[in-house]
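Just so you know, the sequences run in chain order A and B. Per this note's numbering, numbering of the first sequence is gapless, rising by one per residue and ending at 527. Per this note's numbering, numbering of the second sequence is gapless, rising by one per residue and ending at 1212.
Just so you know, the hints here were simulated from the structure itself, not pulled from any lab data. In this text the structure is predicted, and so the values were computed from the model without any measurement. For glycine and all other residues, C-beta sits at the position ideal for the given N, C-alpha and C. One thing to keep in mind: the hints can contain errors.
[Claimed, not checked] A few chain A residues facing chain B, derived, Cβ under 7 Å:
hint: 1; residue: Pro278
hint: 2; residue: Arg282
hint: 3; residue: Arg284
hint: 4; residue: Gly286
hint: 5; residue: Leu291
hint: 6; residue: Gln293
hint: 7; residue: Ala295
hint: 8; residue: Tyr303
hint: 9; residue: Pro305
hint: 10; residue: Phe308
hint: 11; residue: Tyr311
hint: 12; residue: Val371
hint: 13; residue: Leu373
hint: 14; residue: Asn407
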Amino acid sequence: MKLHIRGVSKTYSNGVQALKNVTLTIPAGMYGLLGPNGAGKSTLMRMIATLQEPDEGRIRLGDIDVLEQKAEVRKTLGYLPQEFGVYPKVSAEKLLDHFALLKGIAERRARKEVVEALLRQTNLWEVRKQKLGGYSGGMKQRFGVAVALLGNPQLMIVDEPTAGLDPAERVRFLNLLSELGENSVVLLSTHIVEDVSELCTRMAIIDEGEILLEAEPLPAVEELNGKIWGRVISKEDLARLEREHVVISTKLFAGRTVARVYADAAPGPDFEPAEPDLEDVYFSTIAGHLGRRRVQPDPAPAS
Amino acid sequence: MRLREIFRFELGYQLRRVPTWLYVAFLAFVAFVWTGENYLAYARNGDFFFGAPFVVAEVTVVLCVFWMLVAAYVAGDAAARDVETGMHPLTYTTPVRKADYLGGRFLAAFVLNALILLAVLAGILLAVHAPGVEAEIRGPFRPAAYLTAYAFIALPNAFVATAIQFSFAALRRRAIASYLGGVLLLVTAFVLFLLLERDVGQLLDPLGLIAIDDLRSKWTPIELNTRLMALEGWWLANRLLWLGIALGTLAVTHFRFRLSHHTATPCWSRISRRRDAHSPTPAASGILGNTPVSVPQVRRTFGFRAHARQTLAIAWKSFGNIAKSRGGLLLLAVVAIFALVSVDPGHMGVPLLPRADHVLHGLVDPGVPPAYLIIPLLIVFCSAELVWREREASLSEIVDAAPVPEWVLFLGRFLGLGLVLALCMVLRMMAGVLHQVGRGYYDLEVGLYLQILFGLQLADYLLLALLALVVHVVVNQKHVGHLVVLLIFVAIIAAYGNGIGHHLLVYGSDPGWSYTDMRGFGPSLGPWLWFNLYWTAWALLLALVARLLWVRGNEEGLGVRLRVARRRFTRPTAWAASAAVGLILTSGGFIFYNTNVLNEYGTASDDMERRAEYERRYGEYEGIPQPRLTGTNLHVEIHPERRAVDIRGTYRLVNGSAVPIDSVHLASEVDPGEVDFDRPATGVLVDELLGHRIYALKEPLQPGDSLRLDFEAHIEPRGFRYRGVDNSVVANGTYFTNRWLPAIGYQPSRELSSAGARRLHGLPPRPAIPSLDDAQARLDMTGTERIAFEAVVSTDEGQIAVAPGALIRTWTEGGRRYFHYSTDAPIGNEYAFFSADYAVHEGRWNDVAIQIFHHPGHTANLERMVRSVRASLGHYTERFGPYPYGHIRLVEHPGHGLGMHAEANTIDYEEGFSLLNPGDGPRGLDLPFYVVAHEVAHQWWGAQLIPARVEGAGVLVESLASYSAYQVVEESYGPEHLRRLLGRLRMAYQVPRTHAAVPLLRANDAFLYYRKGPFALYALSQYIGAERVNDALRRLLEEHGSGAPPLPTSLDLYRELQAVTPDSLQHLLHDLFEANTFWELGIEQATAEQTEAGTWQVILDVRARKVVVDTAGVETEVPMDDWVEVGVFAPVEESEQSGEPLYMRMHRVRSTEQTITVTVPRKPAHAGIDPYHLLIDLEMGDNIEEVKIEI
């Protein structure tokens, strides 16, 4: 079962063009969609989750046309949105049971089992009788996960899931997701690069509505081997460095600025070779040194 | 299956919540109170059973309105909770179909509302079977009454209203939109009803309010007690129509609703061209710090000035939020529409001069219920929006953490709401000004608009607005807050409307104010200001409470809020609170001193108790021989500035009975001071409270002897009364009657007249009016005195004082002006005094001086009034007898009323009458002319001819006066004009009315006196000739005009009419006067054919029927064989109102159908049976038909 996205574009009525001719093929397994805020990730997620319509393009899940056969898609969809609320005056158990019914688990005993299993899996079993209005952010997020997992969905859309979770919860959540990836298409959209690098077998980088790169994380990182150089620099020198070299990112490390530069060979004596990681791939792609944004095959150092 | 689950879940969710049960409790309570308040008194009166089916139906309908406003959130939440909580991405992505989702939610809302409405029936049931209700007025218990009310009224209403509310909320994605949907439904029904014919209006009435209103008037007493509301006729059509509309609305909602993500797009950007697609402005890629953006360092100020600016900013933003939101715009549009509609268009088809005081009177006090409720309903909506919108948008936490004090947040919102209310006032002002300018009247008096709308009215609304905001802040729960605000408003309006509760106890209430052109505000502003000062102090205290209990952050528990409140109770707060409390105590104390200490505080029920006590104690003295008043001599000093009157008076009394009289009883409303007799007498009983005194004469007064007594009366206001100012004596426009002077003997008019009130106070039952057959009543001479009257009236130098009698002389002395009046012929003992800065318009008829005392500037109708007086005096003198006085006066006094009133040689009218503006030219109906003629006629009918106080007495006074006035109109303007006037007056028949009535001879209500009586006389005059009728009237006056007992009744009139009516028409006389007869005449069809001679033959298919209806409402058909006018008319010419009659003659018409053939010289256009509606036929539209020409 593959998810095919072909030529999808959308422009909002205030003029903002959210997606420009996006084409992706997403096989079963964990797929990461990486991009900065405002790149169009949520819009694309909502389209696949049948909540929005593109202006152009087609989306197909296996044989099902996602845009025309929304009801069919929803039968096997699990969607965890970036922002959502819950009814404050009802307990988690009751609301999850209600969603289970809506998702088609009609038989009462089966439903009870599923609800219990999911609540245990998301670690909400102890607080299942509490009203959802009193849940913390993390607990609410876990509830959303439970709802998304109802019915063993074959298409799982997860939009910025770890943004509100503490480190332990994040690890647990990622573990949970990884178990899913066997037979379903799991599309994880995030701006946190570590999520993708830890979990995903394939990824795409999106910015300003355009897909800049489709690749597998490991090979993409390996391609940058020997091309990333690091240097400690002061703030005043940074401007000059940017003019002379291709600076990919600057980070603060123990109070000092470290610049990473992309070059085929050592750009200078102060530079040290650095181990590339997915973040470098990400920044390079966004900046236009890799992927479709690239104007020239190699960046030419300024003289 | 999913529909069932969604339905079950929603139903369970709302049933478990407290607000749902609060709605149930509220509606049951209001139903209980409403039933008792509005029906118990009538039931005690014997009008109908307390538990009658129509009572159940009426209360159900009215409570549906309450329900719709109160329980709006039931449908609103069902429709919009998913979006408002943000759960919709989870719900919409489940495989649930739109139909199941909407259907399940809607059905749950409908079932909930249906259950909530059961509370209404429970409330009614409890009220009917409450312990305090006497068993005999309850009537039999009929479950069918409750079932039909529920099934035919409550359930359909629930379905329709829930559908509308649900649709609004679902499509707008906000729960509060359902409240707006309900308001819109009410408003639409009301506006349509106003604009359309009544029948169509009934069809378009979604809740059945209009339908129910008709029932009470239309049904006969038997029907009121037994008939059930059935689904038939137009009522069935109405229900089906609205069910259809509801289903249609649901269909539209289903079509337009999307289970998808909603991007908020303002509708104008959808209409305008799509802007060029562009990428979102790229966020800086974050890595390359690039140009460091430095945020300029600014100084932040905190302090009063900053807070004031913040308050104004919040006020402006709040105002903008409401004024720009769809809901706000909708409500503002409704306010504008109502303002336009409530400006008085005219009276009986005659336009009114749009003088500013009258226009404002209409804007401020519209007679119709939804109009004055619209702004309170708007306040309910706005207060919820202002307090909850931010919290729903989750902005509140950010705001709560900002360094803004609570009072800024509260005051800003309050000022924002104040701006919205000010905008409403602007809309009202514009409606008024547009109306004035549209009529070509340019004296706008903008200053008055500002004073009344922006000063007085806005103040009242601001008090309500503040209360609503405080309730929302303190209650801190959206649904319960909404309910509490509505509850409080209902309580305030109910208390204010029914006069329950002292104004010091009902929030925002005051004795009211008044403004007229003549009087200005008079003394009414003073008390109003004091009361509003008092309530403003309370408002300040409430605002402080709101500030202390304002929820900031997430702590919502009451204990925490009280702790926080204690911490917030700083020194400035304490100062403000003590200032408020101090103001409350001082102003409240001052008011209490005025209303309860300086003046008497009495509610309506206290009054009734007093009247009952008067009867209990002194009723034994009714009818005992007492001397009769023959002459009154007064010295009246009017002090307009001080609002005081000093009266010194002398009565001359004569013992007209056959026995000696040993005691004189005086009944007085005002303390008569030291009463002196011209012979030894001692005061035996002086009852100050009930106003009755008994004086024993040392020597009994022998028959024929006369007696003099002197008295005084001093009227001066002390402070202000609870019930509002007494506007009798004011700076300009003083008007008071002789009721301040003592009356002789026991006054039966003071007794309680309604049967229910009598029973409540333990008084024996007594018919309101003595029966026509009561021979004793014909000898009862109370109130029929004719006196010689003389008075010296003085007033301020710039004013003219008017009293009955010819003006002997006038002089100025010591800064005051004196007028000496003396009547040249006896007058009745009912007269009035006037004093104002009058202008006088003079006229003359033979040797009678005509004077019109009017406010300078109110000159529109003076000429036609004089013309009418001259024509009337001439006509009546010739037909009925001489006018006894040398002068006749028409005097204007302050007020908005449109009528006139006649007393001894004086006719007085309120300022509203001066606004009648028929315009010039033949088209305008000259209503003032007719009214003046009617009042002049009272100088004969009522002044010279005084009837006995029995049933049918009104016919001798009002019907004869109206009929006489018709003659004057016909003489001056022609029969066509008279017919137009009669057509207007006949519109009273269109008002729903029960057929059950007493015959005209026993007439006992205004409709019979003022409409049916005169029409009957007019019809008779058309059949037997006006001369004969006038002869009968003259004979009646000759026989009984002296005022000697036995007094005349309608039977005497009937006898005279019988004497002048030929035998062949005696049955008509009987049908009109002795029986309650209705004719049902109509033309089935009319065809015409031209004959060889060139004339036209017209064939009329006529149907006729005659029924007699008794007082219970039982209809009996009687065989008909009457003379009825048949007419054929030519086509209507350019300048005419109707076609020229080609044929008009009486035909004998029998019951059922027949054909009548007539020949006319020219081509006919219309033909009719009884085309001028002489015979009483309620279905007037079918009397005339168009003639079909056959070739």
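Next on the checklist: Please list, smallest to largest, the hint numbers that this structure does not respect.
Outcome noted: Of the numbered hints, 1, 2, 3, 4, 5, 6, 13 and 14 do not hold.
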